[in-house]
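These are the residues of each chain, in order.
Protein chains: 2
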Amino acid sequence: MASEKQQKAIDLSHHLSDLSRARLVSPLKGLAKYMGNPNLIALAGGMPHPSYFPFADISASALVPDSFSLESTPRESALSWVWKLFGAGPKEKTTTITVPKFPSHADDINLAVALQYGTAQGIVQLQKFLKEFVAKVYQPAYADFATLVQTGNTDGWSRTVQTLCNPGEIFLTEEWTYPSALYSSLPYNIKPVAVAMDSEGMRADALRKVLSEWDEEARGAKRPHVMYTVPVGQNPSGATMGASRKKAIYDICVEYDVIIVEDDPYYFLQQGQYKARSERSVETVKNDGDIFLHNLAPSYLKFDYQGRVIRLDTFSKYVAPGSRLGWFTCSPLLAERLERQGETTTQAPSGLSQSLITKLLTTWKYDGYVRWLHGLAIEYRTRRDYFIDCLADEFHLAKSATLEQGLWKGCEVHEGSLKPKNSIIMFEKTAIKTKMFSFVPPTSGMFIWMKIHFENYPSFKAGDEATLEMQLWEKLAEAGVLVAPGWYFSAYVGEAPDAGEGHFRISFSNAEFTTMKKAVTIFGDVLRDFFKE
Amino acid sequence: MASEKQQKAIDLSHHLSDLSRARLVSPLKGLAKYMGNPNLIALAGGMPHPSYFPFADISASALVPDSFSLESTPRESALSWVWKLFGAGPKEKTTTITVPKFPSHADDINLAVALQYGTAQGIVQLQKFLKEFVAKVYQPAYADFATLVQTGNTDGWSRTVQTLCNPGEIFLTEEWTYPSALYSSLPYNIKPVAVAMDSEGMRADALRKVLSEWDEEARGAKRPHVMYTVPVGQNPSGATMGASRKKAIYDICVEYDVIIVEDDPYYFLQQGQYKARSERSVETVKNDGDIFLHNLAPSYLKFDYQGRVIRLDTFSKYVAPGSRLGWFTCSPLLAERLERQGETTTQAPSGLSQSLITKLLTTWKYDGYVRWLHGLAIEYRTRRDYFIDCLADEFHLAKSATLEQGLWKGCEVHEGSLKPKNSIIMFEKTAIKTKMFSFVPPTSGMFIWMKIHFENYPSFKAGDEATLEMQLWEKLAEAGVLVAPGWYFSAYVGEAPDAGEGHFRISFSNAEFTTMKKAVTIFGDVLRDFFKE
Chain G
1 MASEKQQKAI
11 DLSHHLSDLS
21 RARLVSPLKG
31 LAKYMGNPNL
41 IALAGGMPHP
51 SYFPFADISA
61 SALVPDSFSL
71 ESTPRESALS
81 WVWKLFGAGP
91 KEKTTTITVP
101 KFPSHADDIN
111 LAVALQYGTA
121 QGIVQLQKFL
131 KEFVAKVYQP
141 AYADFATLVQ
151 TGNTDGWSRT
161 VQTLCNPGEI
171 FLTEEWTYPS
181 ALYSSLPYNI
191 KPVAVAMDSE
201 GMRADALRKV
211 LSEWDEEARG
221 AKRPHVMYTV
231 PVGQNPSGAT
241 MGASRKKAIY
251 DICVEYDVII
261 VEDDPYYFLQ
271 QGQYKARSER
281 SVETVKNDGD
291 IFLHNLAPSY
301 LKFDYQGRVI
311 RLDTFSKYVA
321 PGSRLGWFTC
331 SPLLAERLER
341 QGETTTQAPS
351 GLSQSLITKL
361 LTTWKYDGYV
371 RWLHGLAIEY
381 RTRRDYFIDC
391 LADEFHLAKS
401 ATLEQGLWKG
411 CEVHEGSLKP
421 KNSIIMFEKT
431 AIKTKMFSFV
441 PPTSGMFIWM
451 KIHFENYPSF
461 KAGDEATLEM
471 QLWEKLAEAG
481 VLVAPGWYFS
491 AYVGEAPDAG
501 EGHFRISFSN
511 AEFTTMKKAV
521 TIFGDVLRDF
531 FKE
Chain D
534 MASEKQQKAI
544 DLSHHLSDLS
554 RARLVSPLKG
564 LAKYMGNPNL
574 IALAGGMPHP
584 SYFPFADISA
594 SALVPDSFSL
604 ESTPRESALS
614 WVWKLFGAGP
624 KEKTTTITVP
634 KFPSHADDIN
644 LAVALQYGTA
654 QGIVQLQKFL
664 KEFVAKVYQP
674 AYADFATLVQ
684 TGNTDGWSRT
694 VQTLCNPGEI
704 FLTEEWTYPS
714 ALYSSLPYNI
724 KPVAVAMDSE
734 GMRADALRKV
744 LSEWDEEARG
754 AKRPHVMYTV
764 PVGQNPSGAT
774 MGASRKKAIY
784 DICVEYDVII
794 VEDDPYYFLQ
804 QGQYKARSER
814 SVETVKNDGD
824 IFLHNLAPSY
834 LKFDYQGRVI
844 RLDTFSKYVA
854 PGSRLGWFTC
864 SPLLAERLER
874 QGETTTQAPS
884 GLSQSLITKL
894 LTTWKYDGYV
904 RWLHGLAIEY
914 RTRRDYFIDC
924 LADEFHLAKS
934 ATLEQGLWKG
944 CEVHEGSLKP
954 KNSIIMFEKT
964 AIKTKMFSFV
974 PPTSGMFIWM
984 KIHFENYPSF
994 KAGDEATLEM
1004 QLWEKLAEAG
1014 VLVAPGWYFS
1024 AYVGEAPDAG
1034 EGHFRISFSN
1044 AEFTTMKKAV
1054 TIFGDVLRDF
1064 FKE
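Keeping their order, the protein sequence lines are chains G and D. In terms of our numbering, the first sequence has 296 at position 296, counting the first letter as 1, and numbering is strictly consecutive. In short: position in the second sequence from 1, add 533, done, that's our numbering.
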């Protein structure tokens, strides 16, 4: 890959939408040559004097990077939040970070600058951190990649789809996908075409089939030139794609000239394989950021010698969703167009977010942030394990043989049915030991993607799936547990690809451990009752 | 108006664009009825646990509401910022405000909530403040108006134009206007039609003329149904529109069924008439928020008994541009569509911005915030007066007779020419006492809108204006003063409406007083040199 690194991104400007082409180069671009003059008196913009900003400084009690241990079992810290609510728990270990309006060093993060109108590129200290972070962690295959801030990956994809797609075009995506990605594009009459998945996410053979057999006339649209993909902790399926699959898909995208939009919010929540409680032991992972990062599936950027990847990163899952801060990594040509697109909408992300988070990152430094990410990965592993343990307590979980095809090809599937003691009661009524649901424990992300076996519903008739999915969803909601119904994630807009099965996406990212336990108990009650009907 | 208040906004849904109609009602709207259940366990979203947010609390040293005095002359406080830079000045008077992750009262602003995914409506405490503020200050003419947060008025207008206009449509605006408003719409092939202005901004007779004489065939577009207007401290002209003009324009908009988008960032920077230094005395305005507000030109909302106004407010000019926080006020029907439009782009504004600014506002309370706004209005008056004083020092400023027509109808115009002592030198070379520029002191906002009299340029030929404007602009930039060139603000896209004159927009909002003085001196040198050529 060393020789490819020298290569510059190729010119992919033929992918730009008419809308993006119509955006002018900033008409005041001519100013740039004067802006270098430190004595320049700027009377052009409507900028308030910084003394009129009502904050003299902003501060935060920031958690330390090793707030979460690398030990991987449910434990006190996971429960500590409840205690804190009642003022009884141990205090979080924090340090104070401050961003002053008038810092003593010119290079320091400056609130007067962060609160002023800025370019859509964001504050310079953040630009610097992100560029270095991307270079070290994702290792793009070409040298002159660009990073550009945005206000979260929904904004990121929304800007991207408008920059690349004309109304009437179709983009490639996984058969199950992030709903907001669809709702960002559908009103513009830009629709998805679903590509079949397996346990690693999008299938390379299925992608080639869609592209090679594309019938422009039958489809009413030219062959797709944009792909939207969530390759790690895929939303909603939880699938994670390894290096060889990514290389195969990248090569197909080169062959068919497709831009890959890699939406990767869960990248650092790669948790490893689930082990049943009985097979698990307390283990403390070595605190070594390089090893942690090395064990992660690579980004598409690592294969991107042509600059055809637009990667979307967000701080939503690692700092907070309310930060509304994330960034693009892509070729300079695409970054310039995305910046223009941002100038007439969000402008720059909030200066309060930018400055506080940059101060946090530069205080923690690169190593500290990687340690923080590592701690979170272990936390989410613990949450996943705990949630599945709860399912194992509530249901009889049996492992299937390795599947030969479908979404879970190559996996052992956990199949949930009644526990023996309950079965006895059931058997009296239905004389069926019902397989009610199945799932594969995710290796990344925040969600269990659960198939509900409606074919085992007593009065089931083919075609009932959608209705039953919503009926069961509603019964759960009425019983006090809210999950996400599967239809919401379907990229077969208006079609039903998956006869005989419904799905729920269940999140283990947010609830307290005791609450997760309670939710699974309610889930058990509702499910048993439902399958009895 | 009391009886109109009872009236609800009428249904104006026929104004929605195809894009806006295509946006679904949020597909998870069905959730709403369950969200009222305080015991509901939410496992639907990808929300991180709040203990994973690395901020235990955020704080700010917030200025007190009366930081700026109501005394109206240049004085120490205006210069104090420079001193502070060197650590020598008096300290700003501040109080500490804090937003904790785990507040002790359930109704308190909660960082765990502000940093979580939220609705595009923003945090509830902010919603409450804005609703009350709008009701008290702008007094909308109908009862069930809605407010909705956005990330600044550029986002606000961008969302509005996509919600109301289809590609190919034309909207009404002032002949000189905010460039970003054009750059947000032009790539979508949504173009402006310029309406002639006078000293109050858009002319009612000119508006009626455009609408009544609209020739759909000749224009290639249906009659405009949307107006974009900056009615106070108009950008760039500085014009401010009073109540009777607004009422007249509103009535025409009712007659022709036009939606008014009132972009009003400078509303609280209404400064009153400029008086020459010799006529000015130090005056301290009474600290009475009611009187301050009562003397401001009313918002279009006050006449809006039909709900056809979308008002855009921003904290950019009163807190900080980097807050990226503002709000819409409009009918519930339009607010719902604007919210959907926001969900697929920015989602909610930054939770750090929302929570800190809400904490500031609820600490200051309504009266404190009005006092802050009043103080800023006086600050900007002082800045305007000082900048014009500098011009009076550098040039001979003569007042014209009241103009009968044009942009400055009904105004006395200040005309700038050489000071006598310099004139002697000039007379030897050119034998002309040149009128070089003219302007009307603005009564609101941040800008001087200056005509440059290129017809008095020695080798002037008709048609040279655009070239000369850029030549002079470049000479100024090279000499170290950056102003905004007039062509940039023209709503006659691609046309030249204003033969024989060029313009500069010059901002007095940001520079230090000593720097403004220096800038005007440089301006004088460059201008004298230019008109000698």
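For the record, the hints were derived by calculation from the structure and aren't laboratory data. The C-beta atom is built at its ideal place from N, Cα and C for all residues, glycine as well. Be careful, since some hints might not be right.
[To be verified] From the structure, some residues in chain D lie toward chain G, with a derived Cβ separation under 10 Å: (1) 566; (2) 587; (3) 853; (4) 1000.
Hint by hint, here is what the structure shows:
The beta carbon of residue 566 (chain D) is positioned within 10 Å of a beta carbon in chain G (closest approach about 8 Å), and the interface hint is therefore held. Contact between residue 587 (chain D) and chain G, as hinted, is supported at the beta carbon level, the nearest pair being about 4 Å apart and thus within 10 Å. Restraint check, residue 853 (chain D) versus chain G: the minimum CB separation of about 4 Å is within 10 Å; hint holds. Look at residue 1000 (chain D): its Cβ only gets to about 14 Å from chain G, farther than 10 Å, so that hint breaks.
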